[in-house]
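Asker: What follows is the residue order along each chain.
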Amino acid sequence: MKQQKLNPSFRWSIFALALFTIIGFSACDLLDVDNPNSLVEEDLNNPAAAPAIANGAEATLSNALGDLLAPYSTITDELTWIGTRDAWLQLDQGETTDPLNEFVDGAYASVNETRWTADNAIIRLEAFRDAGTLQNATPLVRSYLYGALIYLNVADAFDNFVISDRQEAGHPVGRENTYELIDTAIEYANRGLEIAESGSAWEARLLATKARALYSRELWNTLKPELDTATPLVQSSDAATAAQDALLAIGEGEDWEYRIEVNSETPTNNLAFQVNERLELRISDVYGEPSSDNSRLENVTLQDPLDEIPAPYLVREVDEFTSANQYADYTVVSARELHLIIAEDAAARDDEDAFTTAINNLRDLDGLSSYSGQVTERELLEHSRQVNLFLQGRRLADLYRFGGSSPQWRSSRVSPGAFFPITTSEITSNPNVDFGD
Amino acid sequence: MKPKRILFLLPVFLFAFAAEGYAQGSISGVVTSAADDQPIPGANILLEGTSLGAATNSDGNYTIDGIEAGTYTIVARYIGYRPATREVSIGENEQVTLNIELAQGSLNLDDVVVTGTGGPVEVRKLGNTVGVIDAESLQSSPLQNFSEALQGRIPGMVGLPSSGVTGEGSRIRIRGSSSLSQSNEPIVFVDGVRVDGGGGFGGSVSSGGSGSPSRLDDINPESIDRVEVLKGAAAATLYGTEASNGVIQVFTKNGRVNDPQFDFRVSQGAISYPKVFPDNTGFARSQAQADTMSLYFDRTINPFELVSENYVHQLYETGFNQEYSGSVSGGSEGVTYYVNTRWTGENGPHTGENVPFPDGTSALADDQLNRFQTTANISIFPADNLQIRIGSSYSDTRLETFQTGNNVQGVTSGAIHGKPELTGYNNRSGASYNSTIQERLQQTVSQDVNAFNSSLGVNYRPLDYLTIDGTFGTSYTSQFSESVRPFGWNINDYASIETEGARRTSERSNLNLTADVKVTAQNQLGRRLESTLIGGFQVYQQQNLVRSGTALNFPGPGLNVSGAAANQNLTEQYIEETQAGLFIQEQLGFDDYIFATAGGRFDAHSAFGSEFNSVFYPKASLSFVLSDAPFWNESDLISSLRIRTAIGQSGLQPGAFDALTTYASLTSANGAGIVPENLGNPNLRPEVSTEVELGLDAGFFNERITAEATYWDRTVQDALVQRNFPTSGGFLQSQLDNIGELKGRGIELGVEFQVLNTSNWSAELFTNASYLWEQVTSLGGSAPVKVGGSYPRYRQFIKEGYAPGTNFGAKLADVSGGQLPLDSRGLLEALGRDVSGVSPGTPAGRELVLDYLNSLTPGTASLEDLNNFVLLADENGNGDPLDHHLGKPTPDWQGAFGGSVNFKNFRLYTLFEFKAGNYFVNNLTDGFRQRSAGIGRNTPDAARVERNYMTGGIDADFNPQNSGEVRLDAAEEWIYDLLALDPFAGLNVIQPADFIRLRDISFTYELPSDLLDRFSLRRLSFTVSGKNLALWTKYPGVDPEVNAIGRSGGNDLENNFLLGTDAWNMPLPRRVLFTVNLGI
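Protein chains in written order, with the numbering used here: chain A, 1 to 437; chain B, 1 to 1080.
Worth double-checking, as some hints may not be accurate.
Calculated pairs, SDA-like style, for lysine to any residue (alpha carbon to alpha carbon, straight line, at most 20 Å) [said to hold, decoys possible]: (1) B:K275 / B:Q314; (2) B:K253 / B:V114; (3) B:K799 / B:F906; (4) B:K799 / A:D434; (5) B:K799 / A:P431.
Simulated from the structure, these hints should not be mistaken for laboratory data.
Make the full structure from the sequences, and use the hints.
Answerer: Have a look at this one:
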């Protein structure tokens, strides 16, 4: 065969190949693609991101509260299961210890996301403050508040917990050590108060949260490591003093509440969604009459023990909660709770006058008649806590320590004094945790 | 930039070949089809022993110039035809005319394929298998869409429907799963251009996961000329990253040089669902409830009397569909064309006409599909050595469907869970949760899609031995989806969610850009050795933008614009991915019976981590056509025989942004917030799939029986695993990590048997089957990955030592004879007896159980209480009762068989499909119907068992008898057959699901040629066909083929492994079609 000469066709082919090669090279730039959907690590090092970092902690807290309060309240007599997903039934019957329960597992995930996000927010914003680039202290104050609240909620609802950082797996703190979580909450509240603007709303919120945390720290001794039903009342002068401080900051006679607001832009309230929209859960018969199709509460019937009328605050709360659909706000701490803390401390100290004063301050908020010994202090205290802390995640501890129960509880399911465990998502992903921890 | 290095190599191999010399004579002629004497454009003509050759032009003509005087063997080849060989002598300056007629082939060794080969190449030269579906094989099937065209025709390839809802598409799997985390869908090309392989509704719009449409169904089935399927890495190396799940390439029809030919197709059909749902059964617990039931059932009903209705069957009647298609094809010197327009409309069986509605209301939900498709292809031959192909297609689809699947507001699920005892004035269908059926039928889901594909192909042969082929194209999809709950949709005042209206919308636009350039140099290295060198590059880019909105709470009825709502929420996501690859391949042929191929591809991808640059995928194959070897002795028994082997690699890249640590936006009441999203892993690299194939193709008795057998073995190394890090670490999303290994192997068999072939009769049988074994051999020490997130009823896991997606769940504790798996201690406590010395978890003897049951009354007997005593096994003692192996959702064997019988002008065709061997389906639907007290206990068995447990038996007048023995029987049936769901997830519901289904059957009459001539027609046929007309299975659910989700109906993990889960789906519908095909 002869060697072929370059002909016009071949020259064209060279041109075409060169063209194709250029196209090939131009493809290289195409490999550099943008990601407009998310932020990367460096973006969070910008001090201008401080408010958004704090907002993130608040948003995750809002999400976690709904995820946590739904299973928590189902275990108590506050809610009962009417829907389709049978893991609610376990909870309704009083089962707290199953690490495989999907709703408890979901709550565990959400509170962990919040715990990490709040801690991370505090670290980042403290770094800005140290560097002198934090333009406004409020985001840091808020981060301390959200951090305190999530630690407090975890300690109130879980028997064990793990603190890890990203891929670094931590160890369980142990049921006997969960008070340390409350100590962290108290510490965060104190650190927030150190930098909070005096007289600000954030200061009042931190003061009230601190009182709640101090109360929980003492309550812990009643519940853990062993349940003590013999002396169930919480006596805590620290908590009572903090509650008084908070009430002073709030203003006397104010029906003050710190609420985390839920709207269509924020994470929805899963507790409210399950009750009001998905109809998995209903406010139980303990509190009122169900509708004929059993899908919702028709009327509140739980009566004030003195005035024998449906508890006014409960009527308002139920109405507000059910009409908000999935956008019900969370009441995190309130003047009512502060009065209750003071009253319980007084009752525990057998200080009848102080109890009467505190409980009547509470009853005045609803225009109820004053207490003057018509029922026992403990009976009124239990009722007042049941009504004024409705769906706020306090009820199970009260049922346990006061020897109460839910009509749905089955003895084979209930473990008195037991709260939620470390759940399956942690157990299967953390080499330091086993079933049973 | 890293890819520059590899692209620099491109010109090197493009010019690596020396040129050949000239000669003087010429040979020319026309190549025609023996079947119809029509010219064949694009056929390859080669002068053996030289590098000379030509391709026929649009009218089938070819010319080979510059031939030295001598005697030559000339070979003509074209796809689907046997090669024709002619001896020809040519003198100095002589011009020889040689016309060649090609006959259609049987064993496909001489078929020409192009996918994954770099250029057109005969099957005989490939060491790997390439599945081919041609238009003719689709003619006999009642096809509605592209998904159905793929079903049952290629061993190892399977379509996975979700349910039988109008407009839904299938997931596709080839050789099982080649990734543990990334999409296991093959990539799809149409005429060389990558097309949108998405599905579903996008954004916040959903119909419940199942019933998802497939964008692949935008491909016009009428325009398909053939489909080529690469099954894995050994074949798909040249497609590089993203190709390890296989490649499907669709070639659309083109015209030939002749007068315009018109083809019309009209089809009319009926659709119905088989009536396979067990009746909704229940009973009144009180006289008041019985009285209410008596009122609405219009007969006297007693307490504890079982009452049955079927609310699901009331939902549907017979639907119908229609199709009109017309095409014209033809061409003249230098130009050929093909144009098709098709419209198909389907009004599915779903209707609310039999459901009693409150006055002034009716069902708003519907199931309708209207699809307009058009395809226009043109080929231009401006010179003998230049072909330009321009292709375009457009599809306009309107789909209306209803809420179904695993969906608390689903119409199907609502009807399935209807309980007769709950019937009331505002609840005529016994709704048991969330909303009534009538309310559910107020919800609408719709989708409008415009899809446009275009391609430009250039084939240029500047030299006799050198071909440059380029394909450039775009595929663009614009999709708008909407789901609506209108204001006041709670027409029975039952529904609570979004009663002031909700409108969810999503706009999705998807753009795929493809540039594929390859250069082929053919060279004769001496008289016995032939060389084909192919090199080129591909650039592929996808841009996907989804904007989604949720609008809640409208001020009144009639408003259906999102801006009118009180609460509005917007989300937006944009993903851009680019892949660039450079490939080269050398193929050597020895005496046209031994062929060896070696090649590889360099790839770079925008999704690779910052610590990873590019990847190289090698390939090699060998094909040995024994029956063409000189030493082969002609045999009547074995008429042809080939052995082949291939090894190759391809990969799958991680997700677009998996390498990055990212934070997402989540808004609080104080403003936009930042929350953790993705942990990130800068070391991410593609997972690499290495596949070995070993195969044999044989023809027996002069090709009367042809058989193909392939063994394949695949190892996926560096497999990307969705690794779960501790939840307590704050990042809830799993993180991809290259820590896994996945192995798979299988056998694929295909046999065709020409049973009979006489002047009046002919009959053919065929079967294909594939065996699949898969195992996750390593997860790199990470924990098993659960499919379906925290939803405990989905039981599929990725777990070392098992096939991906294997089910794990609860088992009852083993007990000895005379015992039941019930807790002695619990029963003793319930009876108020001494429990000292009895440890928890001790199985109870029947006497103790009977004592307990005798202690109950109709007022106290409750299956829920009994459940609290049930003992579960914990065989490995790790404290997790839900980790027992319960079978896999992928069968060992699956395939198809069938045949055709022709008598004169009549043709009967059948296609059966089967799945068998270790095939289990999670029957979640019946699990809920059996177990759930609130919404279930409404199958005939579950209602009877609950009634008997509660009453202890009834007499003839339905009076409770309070018998412990009756309760014991009921308790045993409950525990061993019916108990399911939390905390017994997996128990009693993961069931064997082997089946054989009559997928297609058709009967066709073709008008004989004398009649056609009389009416000046080219073709006229009448076909009656059926789809899914019969099913043989032991599976007790409604259909062993349904799945909880359809195409893109879930997240990546669910789309891959949420298989074999029957979750409130409609069964696959039966279709009967009457079709007329007319050719002029």
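Asker: Indicate, hint by hint, whether the structure satisfies it.
Answerer: Status of the hints after comparison with the structure:
| no. | hint | in the structure |
| --- | --- | --- |
| 1 | B:K275 / B:Q314 | holds (10 Å) |
| 2 | B:K253 / B:V114 | holds (15 Å) |
| 3 | B:K799 / B:F906 | violated (53 Å) |
| 4 | B:K799 / A:D434 | holds (18 Å) |
| 5 | B:K799 / A:P431 | holds (16 Å) |
When each numbered hint is compared with the structure, a violation occurs for hint 3 only.
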